[in-house]
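Novice: Dock chain B against chain A, hints included.
In the order they appear, the protein sequences are chains A and B. Under this note's numbering, the first residue of the first sequence carries the number 1, and numbering increases by one thereafter. Under this note's numbering, the first residue of the second sequence carries the number 203, and numbering increases by one thereafter.
These are calculated hints, taken from the structure and not from any lab test. In this text, a Cβ means the ideal position worked out from N, Cα and C, and glycines have one as well. A hint or two may mislead.
Some chain B residues near chain A, calculated using beta-carbon distances under 8 Å [what the hints assert, rightly or not]:
hint: 1; residue: 203
hint: 2; residue: 207
hint: 3; residue: 223
hint: 4; residue: 334
hint: 5; residue: 336
hint: 6; residue: 338
hint: 7; residue: 380
hint: 8; residue: 426
hint: 9; residue: 428
hint: 10; residue: 429
hint: 11; residue: 441
hint: 12; residue: 461
hint: 13; residue: 463
hint: 14; residue: 464
For reference, the chains in residue letters:
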Amino acid sequence: MRILRYGARAALVDFDRIEEVLGLQAAIDGEPPDGLVELVPAARTILLRYDPDRTSFERLCDTVRQYSFTETDRSGGSEVAVPVTYDGEDLAHVAAETGFSEREVIARHTAGAYTVAFCGFAPGFGYLTGLDPALRLPRRRTPRTRVPAGSVAIADEYTAIYPNESPGGWQLLGHTSLAVWDVDRDPPQLLAPGTRVRFHEV
Amino acid sequence: MKFEVLAPGPQTTVQDLGRPGLAALGVGRAGAADRASLRLANRLVGNPESHAALEVTFGGLRVRFSEDTWVAVTGAVCVVRGGRSPGLGVPILVRAGEDFSLDAPSQGLRNYVAMRGGIEVTPVLGSRSTDTLAKLGPPALTPGMTVPLGRGTLPFPAADLAPQCAFPDELVLHVTPGPRWDWFVTGTLAQLASAPFQVTSDVSRVGVRLAGPTLVRANDAELPPEAAVPGALQVPPAGDPILFLADHPVTGGYPVVAVVDEPDVDLAAQARPGQHVRFVLRNQKPGA
Numbered sequence: 001m002r003i004l005r006y007g008a009r010a011a012l013v014d015f016d017r018i019e020e021v022l023g024l025q026a027a028i029d030g031e032p033p034d035g036l037v038e039l040v041p042a043a044r045t046i047l048l049r050y051d052p053d054r055t056s057f058e059r060l061c062d063t064v065r066q067y068s069f070t071e072t073d074r075s076g077g078s079e080v081a082v083p084v085t086y087d088g089e090d091l092a093h094v095a096a097e098t099g100f101s102e103r104e105v106i107a108r109h110t111a112g113a114y115t116v117a118f119c120g121f122a123p124g125f126g127y128l129t130g131l132d133p134a135l136r137l138p139r140r141r142t143p144r145t146r147v148p149a150g151s152v153a154i155a156d157e158y159t160a161i162y163p164n165e166s167p168g169g170w171q172l173l174g175h176t177s178l179a180v181w182d183v184d185r186d187p188p189q190l191l192a193p194g195t196r197v198r199f200h201e202v
Numbered sequence: 203m204k205f206e207v208l209a210p211g212p213q214t215t216v217q218d219l220g221r222p223g224l225a226a227l228g229v230g231r232a233g234a235a236d237r238a239s240l241r242l243a244n245r246l247v248g249n250p251e252s253h254a255a256l257e258v259t260f261g262g263l264r265v266r267f268s269e270d271t272w273v274a275v276t277g278a279v280c281v282v283r284g285g286r287s288p289g290l291g292v293p294i295l296v297r298a299g300e301d302f303s304l305d306a307p308s309q310g311l312r313n314y315v316a317m318r319g320g321i322e323v324t325p326v327l328g329s330r331s332t333d334t335l336a337k338l339g340p341p342a343l344t345p346g347m348t349v350p351l352g353r354g355t356l357p358f359p360a361a362d363l364a365p366q367c368a369f370p371d372e373l374v375l376h377v378t379p380g381p382r383w384d385w386f387v388t389g390t391l392a393q394l395a396s397a398p399f400q401v402t403s404d405v406s407r408v409g410v411r412l413a414g415p416t417l418v419r420a421n422d423a424e425l426p427p428e429a430a431v432p433g434a435l436q437v438p439p440a441g442d443p444i445l446f447l448a449d450h451p452v453t454g455g456y457p458v459v460a461v462v463d464e465p466d467v468d469l470a471a472q473a474r475p476g477q478h479v480r481f482v483l484r485n486q487k488p489g490a
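Bound conformation, chain B alone:
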């Protein structure tokens, strides 16, 4: 079982749940930027949640399967073409030789396309995910590429539809204080939570650069590199925060003012350039 890539769109990579636990060796977790959507797509075709699937950034994917294949698409809101009753959040039977494609999304940024049996490229360090920063894992999809699929082993799920919430116009992300909140002037956490930020065009699997009220440092010391996590809001000297996503650097040299809750990082991965983001501070006392 396999499929041929006719068009990959702006960027399509293979992603699973990544390589956790290797950060001390300089290897980040990587994996799906929106992990909940990957898990759901896998469940809809009766795969273990950890199977490898496609992460499609801003649509444009067109593929053709060698055999009849069950497929599910989750994540961004987009038109799905090909197969029997195509749509989002449903298992779709795509016939051998038929074109299957995704239009550019109208809401959200990334789609996950799971195929029953999962993508079976060779794993690297226990994962089939592409880490775009560390350059680990399979290459991004290119036209003409053939991608191997495994065989389904689990029974099909009883549900044949998983409704998804619409993406709000303004993304609301919950944050808790980061380790260096006190490197900023008094009131910075409140400031972070009071005004909306805008997603710039600088959006990748590494992170999302935001524009908004400038976060002002009170401490201008040089920060020796320290470990980062997905969801960390790192603030370079210019004062515009960068929200780290799946392929974030293992260590960073700028202070982290706050950290987006892990479940909300999935939503952050769907942020589109120009969209507004509002942070809500969790009621927790910073520091220790």
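The following block holds chain A by itself, in its conformation from the complex:
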């Protein structure tokens, strides 16, 4: 764990593995340090925005170093079951690239126990860790200009559900009717960081 300055009112905690990010995030959520304004997890880092009138970079560092946490502490998260129709445009391509049959790709995707590590790219777009390493593929060389809302996709070490229609370069496995993001709902997101997710075929 390294703690880096991020300007005058933020610190960036830098890890080697995403499991450590999830662990520290759960620990901080349980007992936030004085003066913490916002916590933003990402792939290998956690941004800690703080109020410089209430704490300092040095004090925040001292507090953060004292947390004891286990990697991938899943105790706090709720669980969401996501029904998926596996009819994605890239399912055949994923099968060909991984050497599995389409059925085997689906079986491996539904077998995974996933955790929302962080959000980004678009409101409610959660990066889910826990993907079977045998399904790891790079993003498409040319992103699609239009990916429909509800698309269930994979890229690198992550799987995700597109909350809204948007451009996108991930490999599309299928789609879900579950609205993972609805600004008129409170809360709007289904997939906040720390949420556990399971996919099942319909």
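Specialist: Same frame as chain A, but now just chain B:
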């Protein structure tokens, strides 16, 4: 109470102080690009500082009010037309049915037009601001649109003029080291602070692309996406920094070499294409 949009200019959006605290859900703060100017415009008409107002990019706005309305314009230096004794930094009484307009600014880029009572479009996630990147909040103004206003609740301020400083020809922005300053060759922070950069034509609410001395990476590793803040100077592989403004992406994949102090981000939001920017490094040891 409401007003009709006769012309929106190049880009006019509704902005307040944004949606803080939702970055972990992939929702940025957005809100006014120049927050100090929004706050001042609101105070001049007796609004809470957080009320929604118009952010007008490079003038060209023309509106007509349904009733007599108190209005204040702050930010860029521009000619204001309509109402009694129109000008910058003063409350202006605009009569019902009268045209009220802003010319293109001679200095600065963005104006804030607050109306007493505030703009009362439906909030999204607690804010009436338009996030142009995340596509949240009300749409940008278009001709013929009708925009609702609230009723003033606070007393008028005792002051009826708030003088504004002129915009300097060369913007001076204070920076502190970013988290990835050491991904660049030795002396990059000093280099950043030594030579002026020029604002390119690539300027939006997301950020300002700068041209100047190329910032050279010492570490060519791929950076996994990490959270960004307004004022972050992100450096893509070509070496020209992008200064993030209000609608910056919540996470970015390029190293951030330095961060512009929050109050100076307001000034950065007034940077015009072609203008020079000079960075001054705050005396603070980088890293920990």
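Novice: Taking each numbered hint in turn, which are not upheld by the structure, reported in ascending numerical order?
Specialist: Hint check: 1, 2, 4, 11 fail, others pass.
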